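J.: Each chain is listed here by its residues.
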Amino acid sequence: MHRDIDFSIEGISKIEGHASLDVKIRQDKVEEVKLSVSEDKRFYTQAVVGKNALNVPMITSRICGTCSFAHLLCAVDAVENALNIQPAEQTVVLRKLAAYGMIIRDHAMHLYMFSMPDVLNKDSILEFDAEQQKWVKDAFKVKGVGNKLSVLTGGRAVHPTNLLTGGVNSTPPPEEVKKMIEELKGIREEVARLTELFYNCTFSLKQDTRYVCSQNDDFSYIGNSIIDSEGDSIDRKDFLDHFFRVVIPYSEAVGYELEGRDYVVGALARVNLKKNKLHRETKKTLSNFLNAFPSNDIFKNNLAQAIEIMHAVDSSIEILESSDFKKQENVKPEVKDGEGIGVVEAPRGTLYYHLKIKNEVVSDANLVIPTSQNQIRMQIDVKKTIEDNIDKDKETMVKEVEKLVRAYDPCMSCATHFLHVNWL
Amino acid sequence: MFSFAGCEGCVIEFVEMLNDNYEKWKNLIDFRYAKILKGNNDLKNLDVAFIEGAIASEKDVERIKEIRGNCKKLVAIGTCATTGQPAGQRNFFNEEQKNEVAPLVEKFHQLPKVLSVKEVVKVDFEVPGCPMIDEKFIEVLNSLLKEFNVT
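Chains E and R are the protein sequences, given in the same order.
Position in the first sequence counted from 1, then plus 699, gives you this note's numbering.
Position in the second sequence counted from 1, then plus 12, gives you this note's numbering.
A hint or two may mislead.
Pairwise CB distance ranges (calculated) [stated by the list, open to error]:
hint : chain 1 : residue 1 : chain 2 : residue 2 : range
1    : E       : Glu830    : R       : Asn52     : 52 to 58 Å
2    : R       : Arg75     : E       : Ser924    : 43 to 49 Å
3    : E       : Asp937    : R       : Glu70     : 39 to 45 Å
4    : E       : Lys1091   : R       : Asn111    : 24 to 30 Å
5    : E       : Gln785    : R       : Lys84     : 53 to 59 Å
6    : E       : Val791    : R       : Glu70     : 52 to 58 Å
7    : R       : Arg75     : E       : Leu819    : 30 to 36 Å
Rather than coming from a laboratory, the hints here were simulated on the basis of the structure.
Please read these numbers as outputs of a predicted model, since none were measured by experiment.
All C-beta atoms, glycine included, are put in the ideal place defined by N, C-alpha and C.
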C-alpha cells in the first residue's frame, strides 16, 4: 500500500544552531523536503558596514561561537588583503597553530558528542554505558587539549582576543609551549582509536557531486587557491566569478553552485583532495585508514575529521618543537582603501570573506559560509535517505535523516547569513 | 540549557568547561534539556534553566515565557541574554540599514527591537561576558547547587 506521510523535525539536536525539517510524502513519493534554518536573524553583514576595518574581526567572530576562530582569521585575512598588510612570519605561524587548535576542539566535539552516539546507538554521550565510558574520558581529554592550544594561541577558546589584524597581542611563553607539546603527544593514542571507530562505521551514503577546498603548501587552514575534484583550480581573488547563489527548488533555502553544479566542502573534500599533504607522522600512524580516500560517501566525512585531528596534533607538535617566539611589532596598514578576499578552511569547509574598505571603514561585506555551500547536496541527500527508507516507520526515517544531517556537521549559527541574501 | 538569538558561544563555553568538570558535575546535575548534548529533551519541571541569546522574535517571547513557567530558577548567561547585545545590533542601525533589513524583520516575525531576557521574564541570576566568564558561571552554579541541597 502506498502511504502519505508528513513529518517535521523541530530543532534537530546535536548540531550547531537550530535547523528544522519538513517532509511531505505522497503515495510513497517524496514531494517536498524543506530544511530550514530556524535561527533569529542577526544581520552581521549589515552591522559591520560603517565600522573600522581593524575591529571587524572581533565583531564577526560573534557570528559563531563554535568556529569563532575561523570567522576571526578569515576577516583578518580579508582586511590584510585589502589594506596591503604583510604579517610577520611568526604571526602566520601562530595563526596556523590557532587554526589547528580550532580543528582539534571542533572536530572532537562533533565526533564524540554529536556523531558517536549514533555509532554506538545511544541518544547521548551522557548515556554511554560502563564499557563506553572510555570514550567519554577520551572526549574530554582530546577536546581539552584542543582548548589549551586555542587558549595558548588565541587567548581563549571562544572569541579569541590575541589574534589581530597585522599581528598578535602576546606570544606563547616557552614553558607553556613545552607543556603543550607533551599534552599534544599525550592524545595521539586516543585520536588513533577514534579514527579506527569511524573507519569501521558502516553508515554509508554515496554521492554524485564535486568536492571543493582551498589549498596551500602544507594542509594548513588559511587558504590560498581553490581546487576541486575535477582537477580545476581557481585563484582566490576570482572565487566570486565561479560560485553562484541559487534557490533550491523544493526548499526555502539558498545554496551555492560551482559552475552550475552542486558541490561539497569540509573535511571529506580536504582529505579527498589533499591527503598526500597530511603530516608524515599522521600518514604513518593512520596508514591503514587513509585507503578509504578519495571517497564519495558523505559518512566518511567523520573519518576525515578524525584524520584531520591527528594531522592538527602532529603539525602543531612540529611547529612548537621548532618555535622560538619573540615579541614583535605588529604591522600597520599601508593604505586606507581597498578590496580584499579572505579564505579560511573552517572545520565545516571553505569560508570566504569579501570586504570593501574606504578610509579604513568597511563599506560592503559579503560572506560565503560552508554550510550554505553544502546546502544543495545536503537536501538532495536528505531526500535520498527518505526514499531509501520509504518502507520504514516515521521514527526510523527521522533518525536516519538526523544521522545524515549530522554527518555533514552543519553550522546553523553561521548559515543565517545566507538567508538574508535570499530574501532581499 | 536553552539558546535564543546569538552565536551559541556560551553553550560552547559550557561544553568546554565540561572538559575539566564533567566527572564532578555528572553526579550533581541531571541534564534535562540540552540540545547540544542529547536528542531526547524535556523542559517540564526544571529546577534551573540557563538561557543564552537575546529575545528577538515573537516566537522567542512565547518560548521564554514557557521556559520560565517550567523552571524554579532562571539564569541568563552571556551578554546577548543579559544585555541583548551583540545579537541585537540592529537596534542601533541607521535609517538606511533599518530599511534594508525591514522586509526580513517582518517576514520572520522579528520584534521591532531585540530584548534582553530580563526585559521579558524574571531573571534570578546573570552571568556576564562574551562568551560568559567561566568563574562567574561556576560561582552561580555552586550557589544554586547549595540552594537546591545538591551535594
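J.: State for each hint whether it applies.
T.: Results for each hint:
1. At roughly 21 Å, the beta-carbon separation of E/Glu830 and R/Asn52 lies outside the given 52 to 58 Å, and the hint is violated.
2. The given range of 43 to 49 Å is respected by R/Arg75 and E/Ser924, whose C-beta atoms sit roughly 45 Å from each other.
3. As the Cβ distance of E/Asp937 to R/Glu70 is approximately 43 Å, the hint placing it in 39 to 45 Å holds.
4. As the Cβ distance of E/Lys1091 to R/Asn111 is approximately 49 Å, the hint placing it in 24 to 30 Å is violated.
5. E/Gln785 and R/Lys84 have their C-beta atoms about 57 Å apart, which keeps the hinted 53 to 59 Å range intact.
6. For E/Val791 and R/Glu70, the hinted distance range of 52 to 58 Å is not satisfied, since their beta carbons lie about 47 Å from each other.
7. Separation of R/Arg75 from E/Leu819 is about 32 Å and conforms to the stated range, judged on CB atoms against 30 to 36 Å.
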